[in-house]
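For reference, the chains in residue letters:
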Amino acid sequence: MAPLANLLHPGTLGYFLVFLFIGMGFGAILEMSGFGDSRKLAAQFYFKDMTVLKVMFTGIAVACVLIFLSTSLGLLNYDRLWVNPTYLYPEIVGGLIMGVGFIIGGFCPGTSVVAASTLKLDGILFVTGGLFGVWAFGESVGSFEGFFYSSNYGRLTLYDWLGISPGVVVLLVVLMALVMFYLAEIAEAYFGEPPRKISWLPQSPLKMWAAAGLVAACGLMLVLGQPTPLAKWNILQNNWSKALADRAAYVHPGEVLELKKNASIYVRILDVRSEADYNLFHIAGAQRLDPAEIANASAMSRLSSFPDNTVLLLVSNGEEAATRAWKALKASGAVNLYIIEGGINKWLEVFPPEPCLLAGTSGQPAAAADQLHFAFRYAVGTQSRAAHPGSIRSQPWLQCPEITQTDAAAAAWLPTSKWFETPVYVKKVKLQRKVATKGGCG
Amino acid sequence: MNRVARPYLNPYVGGALLGVLLFLTFFITGGGLGASGGLTHVQVAVLDVFAPAHVDRVGYMAELAGGSKNALNNSTVFMILGTVLGGALSGWLNGRFKLEIRKGPHLSDGTRLLLAFIGGFIMVYGARMARGCTSGQALSGGAVLAAGSWAFMFAVFGGAYGLAWFLRRLWN
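Chains as they are written, first to last, in our numbering: chain A, 1 to 442; chain B, 1001 to 1172.
Hints were generated in silico from the structure; no laboratory data involved. Watch out, some of these pointers could steer you wrong.
The following label-pair restraints were derived from C-beta to C-beta distances [to be verified]:
{"#": "1", "chain 1": "B", "residue 1": "His1054", "chain 2": "A", "residue 2": "Asp308", "range": "40 to 50 Å"}
{"#": "2", "chain 1": "A", "residue 1": "Ser150", "chain 2": "B", "residue 2": "Leu1093", "range": "40 to 50 Å"}
{"#": "3", "chain 1": "B", "residue 1": "Phe1154", "chain 2": "A", "residue 2": "Ser241", "range": "44 to 54 Å"}
{"#": "4", "chain 1": "B", "residue 1": "Gly1067", "chain 2": "A", "residue 2": "Ser204", "range": "56 to 66 Å"}
{"#": "5", "chain 1": "B", "residue 1": "Asn1070", "chain 2": "A", "residue 2": "Ala231", "range": "50 to 60 Å"}
{"#": "6", "chain 1": "A", "residue 1": "Leu13", "chain 2": "B", "residue 2": "Ala1005", "range": "33 to 43 Å"}
{"#": "7", "chain 1": "B", "residue 1": "Asn1070", "chain 2": "A", "residue 2": "Ser150", "range": "45 to 55 Å"}
{"#": "8", "chain 1": "A", "residue 1": "Thr382", "chain 2": "B", "residue 2": "Gly1067", "range": "35 to 45 Å"}
{"#": "9", "chain 1": "A", "residue 1": "Ser264", "chain 2": "B", "residue 2": "His1054", "range": "37 to 47 Å"}
{"#": "10", "chain 1": "A", "residue 1": "Phe144", "chain 2": "B", "residue 2": "Phe1154", "range": "48 to 58 Å"}
These stretches of chain B come out as covered by chain A in the derived footprint (C-beta under 8 Å, 3 or more residues) [as the list claims (entries may be wrong)]:
{"#": "11", "segment": "1008 to 1019"}
{"#": "12", "segment": "1028 to 1041"}
{"#": "13", "segment": "1056 to 1064"}
{"#": "14", "segment": "1075 to 1087"}
{"#": "15", "segment": "1126 to 1140"}
{"#": "16", "segment": "1149 to 1160"}
Just so we're clear, the structure is a prediction, and the values are computed from it rather than from any experiment. Virtual Cβ for every residue (Gly too), placed ideally from N, Cα, C.
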């Protein structure tokens, strides 16, 4: 399942060539469409020549239909695509400033590069001015950083914002483009030099067929719908089921402890158990992730916004629920995602809680089953040293009121506890830096 | 070279080709097309030659070329290099590769060049503030339905159309 970014390794010749060829195609298409000519571009804003609008919106509509058709067919994983994060006000103000620059200078950055490449002097001067603009921005952004980072909505898509399905939004984009093309043709006939006779009905059967094709593709997309995380897993499972089969995805509690001590790694523990179990006991720093929420796109976008040295660890009582969540999140594009081996049950064996907190076992088997094997007397939360392995603290984490701390069992337990030993484990975590590019905006 | 310039592509054909290219770019790299990112890297790389200490001190530039980092070793730079090559090749094949100035009929060459410089300055300053230009934000972000990119797109057209009437002498 694409994107094929995994095959691209920065620093290699192939990486260089891929982007070089993409750029060549881009430059050639812009040039052939007439975007190297500032007069043609500026004519857009006097309704004389609507080429900019036609090329841009045809491009957006075609790309949009192809992208979302591929995702609904399971060929492309939308979660792994770079979607420009929304910083609403800087984008609007920056856009207005660009509009001013466009009408004064006659280009936008991409088209000015193409104009310069065909030796248009005004294009060369525009690019030069642009380089100074970049410099001025770098020097001045420090003075309005508050604004520059304001109104950040993260990976916000139109369909999240509108609360409708992606297919409907793509259809609306296509319909909007078609209406704009119709109006653009009329505007060109009316304002063009010389004016033409306005034809109120579309004349070209080829254009009608092309428009019908785009709308039909949207219809197909609507019928197919977008895949759920588990449907994606079914497509992708061959890539990753090996990591489950040979247990490469399962991390020993001892390694979790080492990762938490490592200052260069940002550890995030996601607890997929019920709220009741979470309240009884959870590992310090663990956050609850409702498995039902994994299907929800906003949960995923929160995960992908973590820095790229993040290791995500899933934990349930045993391994079952965590493994299900692992599949769904993996299919949604999560990287550096692991499961805590044996779950909380194993954790409590490796790092035993104070005996006074426990009323024996719950009668559930410790291995595999997704039930808490230990019966806690109280909702301990993280108030047990088992939640904070490795921290030195002379007092017990939680006083047990009805059992004195001189209780023979507790006294015997504390000094000899295996809690102070480093458990033996096999290292599994391999930090993988995200390879997805940040798009063309650097 | 004095060949006659060939006519431009039909805009809908050009747009469809652009759409297919944009789709392939996403399909292969996971990201979209862009131009202003490449310009940023080129500018910072040039500055890094003359004033490396200054680049290291300004946060925005240090991120791109601080210390031993090479600002040119970036996919956006390769892409913009390709854009130059592709544009030049297409211009040459179609008889449009020639030194000239394109401008409105009432402008002198000097004024046009000055305005191009000023426009470029304003345009790319705005592009950096918006975190992308017409290619990286409007086109690429628009195609993957990023909400901010659509707001941005309407702002660009709004800004240009809002000012067009006042500056009509520049172009008509």
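Exercise. Do three or more residues from the segment 1126 to 1140 of chain B put their C-beta atoms closer than 8 Å to C-beta atoms of chain A?
Worked result: holds (count 15)
For this session: Can you take a look at whether the segment 1075 to 1087 of chain B is actually covered by chain A? Rule is 3+ residues, C-beta closer than 8 Å.
Result: Contact hint for the segment 1075 to 1087 of chain B vs chain A: holds, 12 residues under 8 Å.
Exercise. Okay, phenylalanine 1154 of chain B versus serine 241 of chain A on CB: inside 44 to 54 Å?
Worked result: Since phenylalanine 1154 of chain B and serine 241 of chain A have Cβ atoms about 45 Å apart, the given range 44 to 54 Å holds.
Exercise. Holds or violated: the segment 1056 to 1064 of chain B covered by chain A, criterion of 3 or more residues with Cβ-Cβ distance under 8 Å?
Worked result: holds (count 5)
Exercise. Do the Cβ positions of leucine 13 of chain A and alanine 1005 of chain B conform to the proposed distance bound of 33 to 43 Å?
Worked result: Between leucine 13 of chain A and alanine 1005 of chain B, where Cβ atoms are some 35 Å apart, the hint holds.
Problem set entry | Hint check for alanine 231 of chain A and asparagine 1070 of chain B - Cβ pair distance inside 50 to 60 Å | For asparagine 1070 of chain B and alanine 231 of chain A the Cβ distance comes to about 42 Å; the hint is violated.
Problem set entry | Per-stretch coverage check for the segment 1008 to 1019 of chain B, three Cβ contacts closer than 8 Å to chain A | holds (count 10)
Problem set entry | Verdict for histidine 1054 of chain B, aspartate 308 of chain A (Cβ pair) under range 40 to 50 Å | violated (28 Å)
Problem set entry | Verdict for phenylalanine 144 of chain A, phenylalanine 1154 of chain B (Cβ pair) under range 48 to 58 Å | With Cβ atoms ~23 Å apart, the hint is violated.
Problem set entry | Distance restraint hint 40 to 50 Å, applied to the beta-carbon atoms of serine 150 of chain A and leucine 1093 of chain B | Since the Cβ atoms of serine 150 of chain A and leucine 1093 of chain B sit about 46 Å apart, the hinted range of 40 to 50 Å holds.
Problem set entry | Assessment of proposed distance window 45 to 55 Å (beta carbons of asparagine 1070 of chain B, serine 150 of chain A) | violated (32 Å)
Exercise. Does the segment 1149 to 1160 of chain B contain three or more residues whose Cβ lies closer than 8 Å to a Cβ of chain A?
Worked result: With 12 residues close enough to chain A, the hint holds.
In terms of the numbered hints stated before, the structure departs from hints 1, 5, 7, 9, 10, listed from lowest to highest.
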